[in-house]
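Take the sequence shown: its letter number 26 is residue 27 in my numbering, and every next letter is one higher.
Bear in mind the hints are in silico, worked out from the structure with no lab data behind them. Hints may contain errors.
Pairs of lysine-lysine, PhoX-like flavour, derived with a Cα cap of 25 Å [stated by the list, open to error]:
| # | residue 1 | residue 2 |
| --- | --- | --- |
| 1 | Lys-53 | Lys-163 |
| 2 | Lys-38 | Lys-53 |
| 3 | Lys-167 | Lys-180 |
| 4 | Lys-78 | Lys-55 |
| 5 | Lys-180 | Lys-126 |
| 6 | Lys-53 | Lys-291 |
| 7 | Lys-126 | Lys-172 |
| 8 | Lys-21 | Lys-53 |
| 9 | Lys-55 | Lys-38 |
| 10 | Lys-126 | Lys-21 |
| 11 | Lys-55 | Lys-163 |
| 12 | Lys-275 | Lys-291 |
| 13 | Lys-53 | Lys-78 |
| 14 | Lys-47 | Lys-163 |
| 15 | Lys-21 | Lys-38 |
| 16 | Lys-126 | Lys-291 |
Per label pair, the in silico range of CB-to-CB distance [claimed, not checked]:
| # | residue 1 | residue 2 | range |
| --- | --- | --- | --- |
| 17 | Thr-28 | Val-64 | 49 to 55 Å |
| 18 | Pro-175 | Ala-209 | 41 to 47 Å |
| 19 | Glu-103 | Pro-175 | 55 to 61 Å |
| 20 | Val-64 | Lys-21 | 22 to 28 Å |
| 21 | Ala-283 | Arg-138 | 18 to 24 Å |
| 22 | Pro-175 | Ile-250 | 42 to 48 Å |
| 23 | Ser-24 | Lys-290 | 23 to 29 Å |
| 24 | Glu-124 | Glu-261 | 41 to 47 Å |
Glycine included, each C-beta is placed from N, C-alpha and C at the ideal position.
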Amino acid sequence: MELRHLRYFVTVAEELSFSKAASRLYTSQPSLSQQIKDLETELGVKLFNRTKRKVELTEEGEVFLRETRLTLAQAEKAVSITRQVAQAKAFRLAIGFVPVAEMNVFPHILPAFRILYPDLSVELKSLNNQQQIERLRNGELDITFTRDDVQDEEIDSFLILKEPLKFLVPKNHPLAAYKVVPVRMLDHQDFIIVNPSESLPLYNLILAFAEQNHIHLNIVQQADNILLNINLVNIGMGCSILPTYITPIGQENVVLRPLEPELPLIGLYANYRKDNASPILATFIEHLKKLPFKEE
Numbered sequence: 002m003e004l005r006h007l008r009y010f011v012t013v014a015e016e017l018s019f020s021k022a023a024s025r026l027y028t029s030q031p032s033l034s035q036q037i038k039d040l041e042t043e044l045g046v047k048l049f050n051r052t053k054r055k056v057e058l059t060e061e062g063e064v065f066l067r068e069t070r071l072t073l074a075q076a077e078k079a080v081s082i083t084r085q086v087a088q089a090k091a092f093r094l095a096i097g098f099v100p101v102a103e104m105n106v107f108p109h110i111l112p113a114f115r116i117l118y119p120d121l122s123v124e125l126k127s128l129n130n131q132q133q134i135e136r137l138r139n140g141e142l143d144i145t146f147t148r149d150d151v152q153d154e155e156i157d158s159f160l161i162l163k164e165p166l167k168f169l170v171p172k173n174h175p176l177a178a179y180k181v182v183p184v185r186m187l188d189h190q191d192f193i194i195v196n197p198s199e200s201l202p203l204y205n206l207i208l209a210f211a212e213q214n215h216i217h218l219n220i221v222q223q224a225d226n227i228l229l230n231i232n233l234v235n236i237g238m239g240c241s242i243l244p245t246y247i248t249p250i251g252q253e254n255v256v257l258r259p260l261e262p263e264l265p266l267i268g269l270y271a272n273y274r275k276d277n278a279s280p281i282l283a284t285f286i287e288h289l290k291k292l293p294f295k296e297e
C-alpha cells in the first residue's frame with residue numbers, strides 16, 4: 002500500500018464519483034477504478050458500494066476514510082518538518098575546536114562571516130582532538146580545528162597555522178634564572194605533560210623532542226586540559242611545554258624561557274568530510290584558506 006492509493010481513495014470518497022475523482026487526479030477512470038479495487042483487495046474489505054447511478058462509502062469505508070485522513074495529515078507534517086530541518090541545516094555551521102582556534106582563528110573569520118550570512122546559526126563545540134574527529138565522522142560537526150592532519154577516504158584536512166611551543170617553568174625554579182635554557186638541563190626534571198587522550202599530537206611532539214635531544218623527562222602529572230597544565234606549573238609541581246597561544250593565560254608564578262636548541266612548531270588543521278556538500282561550508286573553507294597566517 003502506497004500513499005498514492007490513500008490519496009486516490011480520499012478523492013473518490015470526497016467526490017463520490019469515479020469520473021470526477023479521475024479528473025481531479027489527472028488520471029483515467031479505468032486506472033483509478035483498478036487502483037481502488039487493488040486497495041480493497043489488499044485490505045480485504047469493500048470500501049465503496051457502486052451502482053450505475055451512485056457511489057457510496059461502506060461502513061468500513063467511513064472508518065478507513067477517517068483514519069486515512071489522519072495518516073495523510075501526519076505524512077504531510079513529516080514532510081514539512083523534514084524540509085524545515087533541511088533548511089535549518091543549510092544555514093547552520095557546527096564547528097569543533099581546540100582552544101587555539103578560539104583565540105587565534107575565530108576572531109579573524111567569524112565576525113565577517115556573520116555579516117556575510119546574518120541568518121547563519123553557528124554552533125561552537127570545545128572538544129579534544131579525538132572527540133572532534135568522531136563527531137565529524139558521524140555528521141554532528143561540519144568542520145573541526147584539531148592538531149591532527151587527517152587524510153583518509155572520508156576526511157580532508159588543510160593547514161591553518163603553525164605555532165612554536167613554549168617552555169614553562171615555576172618562577173622560583175633554578176632554570177628560571179637562565180635567559181636561554183640549554184635543553185640538556187631538562188634531563189630528569191619534574192614535568193607536567195598533556196594527557197595523550199586530550200592531544201596526542203602535542204604529547205608525541207614533546208616526547209619526540211626529548212628523545213632527539215637525549216633527555217629524560219620525569220613526568221609527574223598528565224594534565225587533562227591546558228589550564229590545569231599551567232596551574233600545576235604555577236604551584237611549583239614541575240615544568241611544562243605548551244603551545245604559544247597560552248602566553249596571555251600566564252600565571253604570577255610562571256615564566257617562559259626559550260630553549261637551546263629551539264622547540265619545534267605544532268600545526269593546527271581544519272578537517273571536514275569530503276561528502277559534505279553544504280554551500281555554507283564551502284564558503285567558510287574558502288575564507289579560511291585566505292587567512293593571512295601560516296606560522297605565528
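Now the hints, each set against the structure:
no., hint, in the structure
1, Lys-53 - Lys-163, "violated, 84 Å"
2, Lys-38 - Lys-53, "holds, 17 Å"
3, Lys-167 - Lys-180, "holds, 14 Å"
4, Lys-78 - Lys-55, "violated, 34 Å"
5, Lys-180 - Lys-126, "violated, 39 Å"
6, Lys-53 - Lys-291, "violated, 75 Å"
7, Lys-126 - Lys-172, "violated, 34 Å"
8, Lys-21 - Lys-53, "holds, 14 Å"
9, Lys-55 - Lys-38, "holds, 17 Å"
10, Lys-126 - Lys-21, "violated, 57 Å"
11, Lys-55 - Lys-163, "violated, 81 Å"
12, Lys-275 - Lys-291, "holds, 20 Å"
13, Lys-53 - Lys-78, "violated, 38 Å"
14, Lys-47 - Lys-163, "violated, 75 Å"
15, Lys-21 - Lys-38, "holds, 17 Å"
16, Lys-126 - Lys-291, "holds, 23 Å"
17, Thr-28 - Val-64: 49 to 55 Å, "violated, 25 Å"
18, Pro-175 - Ala-209: 41 to 47 Å, "violated, 26 Å"
19, Glu-103 - Pro-175: 55 to 61 Å, "violated, 35 Å"
20, Val-64 - Lys-21: 22 to 28 Å, "holds, 23 Å"
21, Ala-283 - Arg-138: 18 to 24 Å, "holds, 19 Å"
22, Pro-175 - Ile-250: 42 to 48 Å, "violated, 24 Å"
23, Ser-24 - Lys-290: 23 to 29 Å, "violated, 57 Å"
24, Glu-124 - Glu-261: 41 to 47 Å, "holds, 44 Å"
Going through the hint list in order, the structure does not satisfy hints 1, 4, 5, 6, 7, 10, 11, 13, 14, 17, 18, 19, 22 and 23.
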